[in-house]
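On the provided structure of chain C, position chain E as indicated by the hints.
Protein chains: 2
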Amino acid sequence: MAKSARLSGFPERLPAERVIERSIIDVLEHTFALHGYSALNHRAVEPISQLAKDGEIDKEIFAVSRLHSEGTERNPLGLHFDLTVPLARFIADNANELSFPFKAARIQPVWRGERPQQGRYREFIQADIDVVAEAELPGHFEVEIPLAVADAFSRLAPLGVPGVKIVVNDRRLLEGFARGIGLTNIQAVLRCLDKYDKIGPAEVGKLLAAEAEADEEQQRLCLALAAIESDSPDFADDVRALGVEHPLLDEGLDSLTTMLRAAHERAPGVVVAQLKIARGLDYYTGAVYETQLIGHEELGSVASGGRYDSLVTVGKKSYPGVGMSIGVSRLMAFILDADSGIKATRGTPSAVVVAVTDEDKRGEADAVATALRARDIACEVSPSAAKFGKQIRYAERRGIPFVWFTEGESGHEIKDIRSGEQAPANPQTWEPVAADRKPLVYRD
Amino acid sequence: MAKSARLSGFPERLPAERVIERSIIDVLEHTFALHGYSALNHRAVEPISQLAKDGEIDKEIFAVSRLHSEGTERNPLGLHFDLTVPLARFIADNANELSFPFKAARIQPVWRGERPQQGRYREFIQADIDVVAEAELPGHFEVEIPLAVADAFSRLAPLGVPGVKIVVNDRRLLEGFARGIGLTNIQAVLRCLDKYDKIGPAEVGKLLAAEAEADEEQQRLCLALAAIESDSPDFADDVRALGVEHPLLDEGLDSLTTMLRAAHERAPGVVVAQLKIARGLDYYTGAVYETQLIGHEELGSVASGGRYDSLVTVGKKSYPGVGMSIGVSRLMAFILDADSGIKATRGTPSAVVVAVTDEDKRGEADAVATALRARDIACEVSPSAAKFGKQIRYAERRGIPFVWFTEGESGHEIKDIRSGEQAPANPQTWEPVAADRKPLVYRD
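Taken in order, these protein sequences are the chains called C and E.
Letter by letter, the first sequence follows residues 1 to 444 of the UniProt record's numbering.
Letter by letter, the second sequence follows residues 1 to 444 of the UniProt record's numbering.
Just chain C, with the same shape it has in the complex:
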């Protein structure tokens, strides 16, 4: 017998909340399709050997094993912690069946064994788009990905989701800069910079000394770089003014400048170069992205990603890619906060309750429901024969706007329970207005 068993970090939505979550997912799916991304759905598990890397992430893996298996499994499995690693493996599995560049969209749960906290869960939904090419990935895809995400957020605006600022950087720029000033432990430099917003520049300086052996001048230069932020391609001048030289720095600067120029034209103000952005995950090799909800920066990034050149290799072929992941569950944390004002008109799909006044006449009510459904109008038949008042309260409790009576004064009648208006109606022709047809999401 089932008992109540809430689990911290595993959010579940009530019906009206799920209407909102699903509306967000629908907008994202639709936007991804408009941009030509093929929808995929990855299996939940991967061999742990695919998931556990040298990076920090292996702490967070949920292992999966058959409860009654005897001894150790030959091929131990874990739940995927993102949608990039499964895509890379999917491409390795199916390279011969796919056409490249391959554009993939996935919206599904991922799992991490982290300590749950506000906006961070153990099971959460991500919405990812990626472009993966064979051998060469043209730089314009590094522009396309954040602009597709920006388009998705602009299509979420009618639901009440605030605008976004997508902040970008380039791993090559950071690595080239670090090497150019004589630092060699690049992973340590990236890890330190990644903490800039959390601990501030002074602490990052100390950390650079401790972890990357940076002297005072090297710290000063790193912090000067990290402070650069601009939505104009001219940010490159500020970098050049620091007087550091390295071929990788040039490569990263060129790429980021091109991105900003294109973004400036196609979505002015949305994409901003922010040179302190490093991203924790170790597989990025070019552009990196984070996304802030304007006015709600404290939420952290709601869409992140980057370019990865060496995640997929099949035989001698490499498949470089670039992608971003929208944190649907983190967005939901913001939306479900009462302050957001975002609500659903109702949690049930039904627009109509067909009343049953006598259990022997349930068949008549069923026939009305069948006729309405044939014309795409969601409805339900009253669960029990009852007086009019009880039928109306049943609808009211669920936010269903209409009650249908098969035996009104003039035969079939429909009542709008909000206005109290009741009028004759024909199950073959009656139509609700669009706003009543389906549950809608709106901002109060």
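Bear in mind the hints are in silico, worked out from the structure with no lab data behind them.
Short derived list, chain E residues pointing at chain C, Cβ under 7 Å:
1. A33
2. R373
3. P383
All values reported here derive from a predicted model rather than from experimental measurement.
A virtual CB, placed ideally from N, CA and C, is assigned to each residue, including glycine.
Below, chain E alone, put in the same frame as chain C:
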């Protein structure tokens, strides 16, 4: 770095296959909404204490644990193996927030550690609808559930899915009959009957003797009952003719007769009483359902379920329910078999490739794509500047019907690559026909 890692029993779909799977899911979601079922999405995990019952099912559970947790977890978790147990727990968690009778729909993966075989997976998608009431569940919901499922299958017919026969029985009828002839190990009787189709009546007779201590006359009566099959409510006469009496038998017979009468009226021929149906799961207490694809009975049941009166209890309140689960992955096994003839027109959402003939003019192509997307036409911009022929082959390989040229003889032109026809086009007004707008599923 990702390596190829196919896992037996964890199917993943290629893009065109996913178009088909998603079309099926869309039809089911839409049908469930039309019938007033609120969409929910359960977390993937439950405490193992909720999942592991006395029944056989506990062998099949996948346990989940943090890879780097120290010692044993206080609250060990497992992946859910169906969508009924999570719903029961969800209701126990949220009874005060829900209105009853509560109608829930869920379409999501479940996991079982079974040995994979044709149509049976370790991760598979189920589509469930359930009605759960407070204290009393009116019998008409036992009719509503299979009729909603029948409606779903009739809406899948245009995609090429064959018609179905929903076979029904009632646990009370079986239990009452068994008790009426003096058998007391009811679980054993149900288990034996459940093997009727696999091993045949003679072997079921032997099994009844061995496991339920049935003598020859008891075996004869059980097998006579199991042989009864009819789409008419008159099947009850055949049961009565066996001369067995028990109050529970009467209750089950009444309920099943009512169901067949209503089904006979609303969906003639679809619902058939088949008294050998028992279902393996131990939580059913009333109606039980299985569903056969007509002409493909060897696939086994593609939609099963039943009534459960004691799955949810909160304090002193009980919440009886009834539901069915459509096996989406099992349906997909049938559909992806070449013999089904079911195909998708393409695996990419794009209806148009906007050609780029010169990398410097990519901005013009981007502008066309933006204009088309603003009018809900999915498209992509060519990944690299190339000659016309190469752009057309790019579209061809993906099944994309149209290529847009920004510099045709008369300016903007669109080419239907199937007919070769090319005509002037305006990005603000050009429309594809409906059949080309999105990937479609059809039967060859």
